[in-house]
Every structure is written in structure tokens, then in C-alpha cells.
Amino acid sequence: MKSFVFPGQGAQFSGMGSDLYESDSNAKKLFDKADSILGFRISEIMFHGTDEDLRRTDITQPAVFLHSIAVSTAMGDGFAPDMVAGHSLGEFSALVACGALSFEDGLRLVAVRAKAMQKACESNPGTMAAVIGLDDEKVIGICEQVRSKGMVVVPANFNSPGQIVISGSIEGIETACPLMKEAGAKRALPLSVGGAFHSPLMTPAREELATAIASTEFHTPRCPIYQNVDACAHTDVDEIRANLVKQLDSPVKWTQSVLSMVADGADEFTECGPGSVLTNLIKRIRG
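According to our numbering, the stretch in the sequence shown is residues 174 to 460, in order.
Mixed in with the good hints, there may be bad ones.
[Unchecked claim] No farther apart than 27 Å at their CA atoms in a straight line, the calculated lysine-lysine pairs in the DSSO-like style are these: (1) Lys206 x Lys322; (2) Lys288 x Lys201; (3) Lys175 x Lys456; (4) Lys311 x Lys419; (5) Lys456 x Lys311; (6) Lys322 x Lys354; (7) Lys288 x Lys202; (8) Lys311 x Lys322; (9) Lys419 x Lys359.
The set of hints was computed from the structure by calculation and includes no laboratory data.
Assemble the whole structure, with the sequences as input and the hints as a guide.
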């Protein structure tokens, strides 16, 4: 069975999408439409912006979403998923790809989500760190230990066995990283990100996103989507809506999602979007 997966924030790079814009007429229409919907030329930032330009949450998210949909659109008849999944932001790309959302509505939701998250980042400064070579339970335990001291730190992304990203306040991350190394982690590296994504510091953004999702038309997807919050297959529109809101300040269960897809028959994975981050993670998850 064919599974198509969609990356999230962090996959962006300067120049992304310019080849598709030049070579594929349908992709070009998507870029032009996105410029119109967003009210600024995001295509110009994607094609010619600096890495710093692309790192802003309110730019990164619509840029990665747009690129991912352009890639899947350019596949034509080759895009025929039996199941889909997306990593964090990528869940919105996956929902458009499987017909649960229109491109226009998906882009508008991503823009709302990105702006709400950017505001949360500015009002609740935080960061993230990658923990390499430590099992899930130890990472969870150390996060609980740090939280018991009044600091914010949680597991945010279960990316693959032995690769977990933690998220929280700057103080919480700075306290947790040495403890991770003491517990046997090969590395515990702070990441260059704009905020504490998938942590309680993102909770202020939930209301704005929930309002936008509630007023957006969703359709029954053509195939199941495996959602981040529970790593389960979903086709019920109400469940999908609720899970999109929960996802904002809940961990991304990517390892568990891939294992669920494999258990349900996935034997071919295709990544749609910039880079090959998910492809590499899936190789590690599948062993």
C-alpha cells in the first residue's frame, strides 16, 4: 500500500519551489494563487529570500505547505495514496492532498496557525532541543523531573527511536539538556527555532486556530490520515478537526504513526515537500 507523507517546519530552504514554478503549469498556478490569498508574494521569499527570512514561523509554515502541495500536484496520476500523514504542519498538507480540505482553505488555516503561533512565541519565549540516543521513557522522566521544579519542558516530537525533540522555556531546556547527557544521551543539542512548539507555551494559539477550523469546510478524506496526536487512522471530519487543534500543544507521535501505517499495510512511502527529512526518519523507524 502506498503512503504519502508531508514534512513540517524546518524542511524549508532558500530557492524552494522555483524549479516547480518554472517547469509545471499547475504548480505555477498554485504559487500565483497563494500570493493572492496571502496578500504578499510568498513565492518571491521562497525563491530568493534568505534562510533568516524563511525561518520566521509566519513565513515558514505557508511556504512548506505550498511547496508540498505543488510537489504532490506535479505528480499527476502518480499521486494515488492509500493513506497519508504529515509531521506537525505537514498534517494540513496531507489533508489537502487527500481531499479533506481545499488548497485555498488549507492555506488560510495554515496562515492563521502560523500567525497565532508566532504571537505565542513572542509572548511566551521558548526553544527546543534534539535529544539523540536516549529511549522515550528516560526522556519523558527527565522532562517530568524538570517540570517538578516549576519549569516548562516536554517531549515535543517522537521522530524516530532514539531521536526525540524536547520543547519548553529557555530555562527548562537549559536545565534538561545536561540531565539528558548524564542519563546517557549521545547528544542534547538546542535547536535554532523561533519558539517552544508542541508545548504548553503554544496553548494561547489554540483558541484562534480552533475558531478558524470550526468555520472551515472539511470533507471526508479519500483515504485515511494518520494524525500526530494519537498515531491513528482517521476519516471522521469531527475527529480530524479536534485533533488538529490538540496537535498545537501536544507531542508529534511520528514514530508511532509510521509504525501504525506499516501495521496497516503501508509498504511504500513517498515524501512530498522540501528535503528528505521524513524519508530518513522512516528508514530508521522501519529498521
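Q: Quickly compare the C-alpha distance for Lys288 and Lys201 to 27 Å and report which way the hint goes.
A: 25 Å, holds
Q. When you check the alpha-carbon spacing of Lys311 and Lys419, does it fall within 27 Å?
A. Since the Cα atoms of Lys311 and Lys419 sit roughly 24 Å apart, the hinted pair holds (cutoff 27 Å).
(Q) Please verify whether Lys311 and Lys322 have alpha carbons no more than 27 Å apart. (A) 17 Å, holds
Q: Sort out whether Lys311 lies within 27 Å of Lys456, counting only the CA atoms.
A: 23 Å, holds
Q | Pair hint outcome, Lys206 versus Lys322 [Cα-Cα no greater than 27 Å] | A | Judged against 27 Å, a Cα distance of about 49 Å means the pair is violated.
Q: Measure nothing beyond the straight line between the CA atoms of Lys322 and Lys354; if it is 27 Å or shorter, mark the hint as holding.
A: Holds, because 19 Å separates the two Cα atoms, which is no more than 27 Å.
Q. Quick one, are Lys175 and Lys456 close enough, alpha carbons at most 27 Å?
A. 15 Å, holds
Q) Holds or violated: are the alpha carbons of Lys288 and Lys202 at most 27 Å from each other? A) Holds - the C-alpha atoms of Lys202 and Lys288 are around 24 Å apart, at most 27 Å.
Q. Is Lys419 within 27 Å of Lys359, Cα to Cα?
A. 31 Å, violated
Violated hints for the displayed structure, listed by number in ascending order: 1, 9.
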